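Visitor: Protein sequence lines correspond, in order, to chains E, C and G. Residue numbers for the first sequence follow this note's numbering, so the first one is 1 and each next one is one higher. Residue numbers for the second sequence follow this note's numbering, so the first one is 1 and each next one is one higher. Residue numbers for the third sequence follow this note's numbering, so the first one is 1 and each next one is one higher.
Treat the hints as calculated values from the structure; they're not laboratory data. Remember, predicted model here, so these are calculated numbers, not experimental data. Hints are not guaranteed to be accurate.
Calculated lysine to aspartate or glutamate pairs in the DMTMM-like style (CA-CA distance at most 20 Å, straight line) [claimed, not checked]: (1) C:K63 - C:E117; (2) G:K457 - G:D2; (3) C:K34 - E:D92; (4) C:K275 - C:E196; (5) C:K139 - E:D92; (6) C:K19 - E:E68; (7) G:K291 - E:D40.
Short, incomplete list of chain G residues facing chain C, as computed with Cβ under 10 Å [to be verified]: (8) Y88; (9) S306; (10) T450; (11) N451; (12) M453.
One side of the interface only, derived from the structure: several residues of chain E facing chain C at Cβ under 8 Å [what the hints assert, rightly or not]: (13) K51; (14) N52; (15) P72; (16) L77; (17) F94.
Don't be surprised by glycine CBs; every beta carbon is placed ideally from N, CA and C.
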Amino acid sequence: MSKKASIPKKNAEHLAKLTNLTLSDDELALYSKQLGETIDYIDNLNELNTKNVQATSHSTAITNVTFEDGTPSVRTLTQQEALKGANHTSSDYFAVNRIIA
Amino acid sequence: MTQYIPIIGLEIHVELKTKSKMFCQCSADYFHMKPNSNTCPVCLGLPGALPVPNKTAIEWTMKIGKALNCKLNTHFKFDRKHYFYPDLPKGYQISQLDKPICGEGHVEVFFPAKNKEAPQSHVKKFRIERVHLEEDTGKLSHKNSTSLIDFNRSGVPLVEIVTGPDFESAEEVKAFLEELYTIITYLDVSDANLDEGSMRMEPNISLTLKRGVFPDYKVEVKNINSFNFAKKAIEFEIRRQTAILEKGKTPKQETRGYNEDKGITFAQRSKEEAKDYRYFSDPDIPPFVYTKGQIDKITRDIPELPLARLTRFISSYGLRDSDAFQLTRTVNTAEYFESVLNECAKEKRKELAQKIAHAIINKRISTKLSPKEFAEKLLESLTPKETDITLLKDTIDRVLARNAKAVSDYKKGKTSVIMFLVGQAMREMKGKADASMVRIELEKSFKNN
Amino acid sequence: MDLLGASLTSIVQALSDKKISAADVYDFFLKRSKHYQNDLNAYVTILDKPHAGKVKNNILHGIPLCVKDNFSTRGVRTTASSKLLDKYEPPYESTVTKRLLEAGATILGKNNMDAWAHGSSTETSDYGPTRNPWDTQRAPGGSSGGTTASVSAYLAPAGIGSETAGSIRQPASWCGVVGLKPTYGRVSRYGVIAMGSSFDCPGPVTTTVEDAALLLNIIAGNDLFDATCSDYKRPDDYRIGMKKKRKLTIGVPKEYMQNIEPSMLKKVEEAFEVYKKMGHIFKSVSLIDPKYAISVYTILQRAEVSSNLARYDGVRYGKNRRAFAKEAKKRIMLGAFTLSQGFYDAYYEKAQKIKTLIIEDLRRVFKDVDVLMSPATPTTAFKLGEFEKYPFFGEVMDVLNESASVAGTPAISIPVGLDTKGLPVGMQIMGNFFDEETVLNAAYQFEQETNFMDVIKKGINNYV
Numbered sequence: 001m002s003k004k005a006s007i008p009k010k011n012a013e014h015l016a017k018l019t020n021l022t023l024s025d026d027e028l029a030l031y032s033k034q035l036g037e038t039i040d041y042i043d044n045l046n047e048l049n050t051k052n053v054q055a056t057s058h059s060t061a062i063t064n065v066t067f068e069d070g071t072p073s074v075r076t077l078t079q080q081e082a083l084k085g086a087n088h089t090s091s092d093y094f095a096v097n098r099i100i101a
Numbered sequence: 001m002t003q004y005i006p007i008i009g010l011e012i013h014v015e016l017k018t019k020s021k022m023f024c025q026c027s028a029d030y031f032h033m034k035p036n037s038n039t040c041p042v043c044l045g046l047p048g049a050l051p052v053p054n055k056t057a058i059e060w061t062m063k064i065g066k067a068l069n070c071k072l073n074t075h076f077k078f079d080r081k082h083y084f085y086p087d088l089p090k091g092y093q094i095s096q097l098d099k100p101i102c103g104e105g106h107v108e109v110f111f112p113a114k115n116k117e118a119p120q121s122h123v124k125k126f127r128i129e130r131v132h133l134e135e136d137t138g139k140l141s142h143k144n145s146t147s148l149i150d151f152n153r154s155g156v157p158l159v160e161i162v163t164g165p166d167f168e169s170a171e172e173v174k175a176f177l178e179e180l181y182t183i184i185t186y187l188d189v190s191d192a193n194l195d196e197g198s199m200r201m202e203p204n205i206s207l208t209l210k211r212g213v214f215p216d217y218k219v220e221v222k223n224i225n226s227f228n229f230a231k232k233a234i235e236f237e238i239r240r241q242t243a244i245l246e247k248g249k250t251p252k253q254e255t256r257g258y259n260e261d262k263g264i265t266f267a268q269r270s271k272e273e274a275k276d277y278r279y280f281s282d283p284d285i286p287p288f289v290y291t292k293g294q295i296d297k298i299t300r301d302i303p304e305l306p307l308a309r310l311t312r313f314i315s316s317y318g319l320r321d322s323d324a325f326q327l328t329r330t331v332n333t334a335e336y337f338e339s340v341l342n343e344c345a346k347e348k349r350k351e352l353a354q355k356i357a358h359a360i361i362n363k364r365i366s367t368k369l370s371p372k373e374f375a376e377k378l379l380e381s382l383t384p385k386e387t388d389i390t391l392l393k394d395t396i397d398r399v400l401a402r403n404a405k406a407v408s409d410y411k412k413g414k415t416s417v418i419m420f421l422v423g424q425a426m427r428e429m430k431g432k433a434d435a436s437m438v439r440i441e442l443e444k445s446f447k448n449n
Numbered sequence: 001m002d003l004l005g006a007s008l009t010s011i012v013q014a015l016s017d018k019k020i021s022a023a024d025v026y027d028f029f030l031k032r033s034k035h036y037q038n039d040l041n042a043y044v045t046i047l048d049k050p051h052a053g054k055v056k057n058n059i060l061h062g063i064p065l066c067v068k069d070n071f072s073t074r075g076v077r078t079t080a081s082s083k084l085l086d087k088y089e090p091p092y093e094s095t096v097t098k099r100l101l102e103a104g105a106t107i108l109g110k111n112n113m114d115a116w117a118h119g120s121s122t123e124t125s126d127y128g129p130t131r132n133p134w135d136t137q138r139a140p141g142g143s144s145g146g147t148t149a150s151v152s153a154y155l156a157p158a159g160i161g162s163e164t165a166g167s168i169r170q171p172a173s174w175c176g177v178v179g180l181k182p183t184y185g186r187v188s189r190y191g192v193i194a195m196g197s198s199f200d201c202p203g204p205v206t207t208t209v210e211d212a213a214l215l216l217n218i219i220a221g222n223d224l225f226d227a228t229c230s231d232y233k234r235p236d237d238y239r240i241g242m243k244k245k246r247k248l249t250i251g252v253p254k255e256y257m258q259n260i261e262p263s264m265l266k267k268v269e270e271a272f273e274v275y276k277k278m279g280h281i282f283k284s285v286s287l288i289d290p291k292y293a294i295s296v297y298t299i300l301q302r303a304e305v306s307s308n309l310a311r312y313d314g315v316r317y318g319k320n321r322r323a324f325a326k327e328a329k330k331r332i333m334l335g336a337f338t339l340s341q342g343f344y345d346a347y348y349e350k351a352q353k354i355k356t357l358i359i360e361d362l363r364r365v366f367k368d369v370d371v372l373m374s375p376a377t378p379t380t381a382f383k384l385g386e387f388e389k390y391p392f393f394g395e396v397m398d399v400l401n402e403s404a405s406v407a408g409t410p411a412i413s414i415p416v417g418l419d420t421k422g423l424p425v426g427m428q429i430m431g432n433f434f435d436e437e438t439v440l441n442a443a444y445q446f447e448q449e450t451n452f453m454d455v456i457k458k459g460i461n462n463y464v
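Produce the entire structure from the sequences given, and follow the hints as far as they go.
Guide: Right under this line is the structure:
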């Protein structure tokens, strides 16, 4: 059943870009192979007939969950708490290298 | 010169003025707060934080949809839209893709009669493709080689309105945006202020030779923050694209920025990769199922909208198109007009409507007065004044004596100076004179002297 | 009081009776935790001073607990066992730990886990693997391996873990302790570093069933900060239903009794005999082949995992994305792949439909039986390093657990004996939606009849 297909390296590069990961050539090659294996793996889903079946998004069938606008916030952080974990800050702000465009 | 027809569509974002943010209880009124002082684990995207939707934001989106004649969906959900940017804390924006709150609709825009070229007023319909709800990002600013991020705005509810590619000129776009602004302020769900960023818009523009035939490119323009800049940017784009097409080339599909100082659009770093946002239903937010009855109840209390109101003003009160249009630009003015009218005797309303309209529009009488006081002042100004002729003649003598230069000007032929003298006399008479009578007497004086 | 091996319940009682002080209890477990940290590496952070909060209803009288390091603890380092969060201190408390602190518990340390919960052996941790107390050449299971190892070696009287698909039950089985996965939505996920948002369930890891029920009492229930948390009615005290004398109808899914290590299977079948002798009825039932649950889980979980890791960009906290280790990068890539390429349309919706079939299948079966029973895992503890051989190690290892995870039904793993290698064998008991009571009841009855604490104590005795 296993087709051992592999995904083109270009596709893996594209995915790495989309997910903001810096990968080595070895890693790209490995993932290209593993992505292919994924397809084999999940092909067996087609063995089951789901013709008149509804998709379930939430297993406990909850719907319409909201909060009332204007509920007092008990979670708002101070500026100090918000900035505390950052690697780079500049007075009141989080700082990163200049974004172009 | 080939005549190209512009095809313009708009993507508009409106910040809702709810009290709380979209998915947490932080304040949505972030504008003047100290940077990064209005965040919580949810809107800062901390590990483990979870979103819970704001009920009012959903209800207001339905109201906007209703006001735009949209289909209001009974089943809708939120999706994750993934991309990386420092102002997007979760690495995805919670938005709506295939099951938005509102589906297709339309907006009719009233174009008042203008001048000889457009002597008739007319109404044009523009399609709305969808109205959905999402969250705003943080704000990025730049300082030398650093970009600074403020997350106070992150998570504020944002309504996205997408129009059909139905606009053919910058004029139409401007009129539409102004109408949309009016509708939204009628609903009182947003300040919809382009300057402050509570309303943002991005046009996409292309040109065609034949109506209905869409070219295979589209240019998006970003960073427009006034109605006038929108007009200028679109006009510039139309010229720019025309020039390219005239050369037999096709304009590049791209996103361009707008430079307000130079009045031009410019190419931004081109993003060649197709955007793959990897949308999927947000598993943290259970879906929504409303009955039609529930939706009707929520959207019931929408005020009479601008177009309906102006149409009614024209037909019920016989107002001129442009005056009805002016009066209905804000719901406060429209309501004030009718309040003043209702203070007048029923039989007189039709006759007074136009005069009240003018007094309001031309600011002849202050609208800070109560409607009753306004009506009284108006009626007073319309009553012909009893004029004491003797007092008038004395006054005129005094005025002429004091204004020798004006008198000699008049005698030299500068007859328009009489208005100045009328004004002087009226002042002296403390308004207790009929203006036309004053003028007649003045002219008599000159004749006699 | 001799603390070694004492149940949480008995220590709480002693604290309440003032037979022992909270400080002494803390000291006892702190010493043990520190002493065996080199051997077992069960913790990422051990706290010399207890992490405590404002006590609202003092049920637990200062008892210390160990907590998996994916629960946000305010001001206390929380890493999800990833170097990316090496220095991260949350400015807020998770709902689960908040409720425990409000009930008077304290937190003694943050347990090692598979980094980002990606794994079934606690070997993908950036802080080194945790070792199985029963055999330190073996893995404790994962991803809550640090928690189950801590409880197994009695470094803490009980702990809190989380399960996405097997991450409580499987390591509980491998370490010979009690591990409960509540119904999805029964316990709030707010503050738990997300792995698979539609599957993540916080749950207790204990040495007795009653302890699990006691902790569930405190942590279960609706939370306004978690939209997926259910307000479905719950008993005030799960221990009451747990203790009821009930005769149960027990279903054994034949698909779940296949491909099990023989000596494991033998122990589970012996456990069935115990139930039979007690008068409970057994029925053979059939469920959808668990392999479909694997595929469904794989697609849905990977998409969610990949998405949930998108927030780690190093701007507001933690290090940048270069700090992700191999397994995390792999899962991010696989998840992104599932969501792009039109896979979403092709497989995601299909997976959600099969989820419906799995849910309906379980609902159908629970019309005829009260609980389902099977081995909790196909094998007992693997040796460290063996997982590398299997590319889908986690998902295959959890095959017996995945249907309950996909459906969201509750399940518990309890120790029922030792295999021929002397390693703990876990049996799982699965229940209907929101029926933790019956699950606990079935487990409790077995415990009372056989006192599996004897099994557990064998493990603890290695750590005296």
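Visitor: Taking the hints in turn, state whether each one holds.
Guide: Hints, one by one, checked against the model:
| no. | hint | result |
| --- | --- | --- |
| 1 | C:K63 - C:E117 | violated, 37 Å |
| 2 | G:K457 - G:D2 | holds, 14 Å |
| 3 | C:K34 - E:D92 | holds, 8 Å |
| 4 | C:K275 - C:E196 | violated, 28 Å |
| 5 | C:K139 - E:D92 | holds, 13 Å |
| 6 | C:K19 - E:E68 | holds, 10 Å |
| 7 | G:K291 - E:D40 | holds, 13 Å |
| 8 | Y88 | holds, 7 Å |
| 9 | S306 | holds, 8 Å |
| 10 | T450 | violated, 38 Å |
| 11 | N451 | violated, 38 Å |
| 12 | M453 | violated, 34 Å |
| 13 | K51 | violated, 21 Å |
| 14 | N52 | violated, 18 Å |
| 15 | P72 | holds, 7 Å |
| 16 | L77 | holds, 6 Å |
| 17 | F94 | holds, 4 Å |
Checked against the numbered hints above, the structure violates hints 1, 4, 10, 11, 12, 13, 14; every other hint is satisfied.
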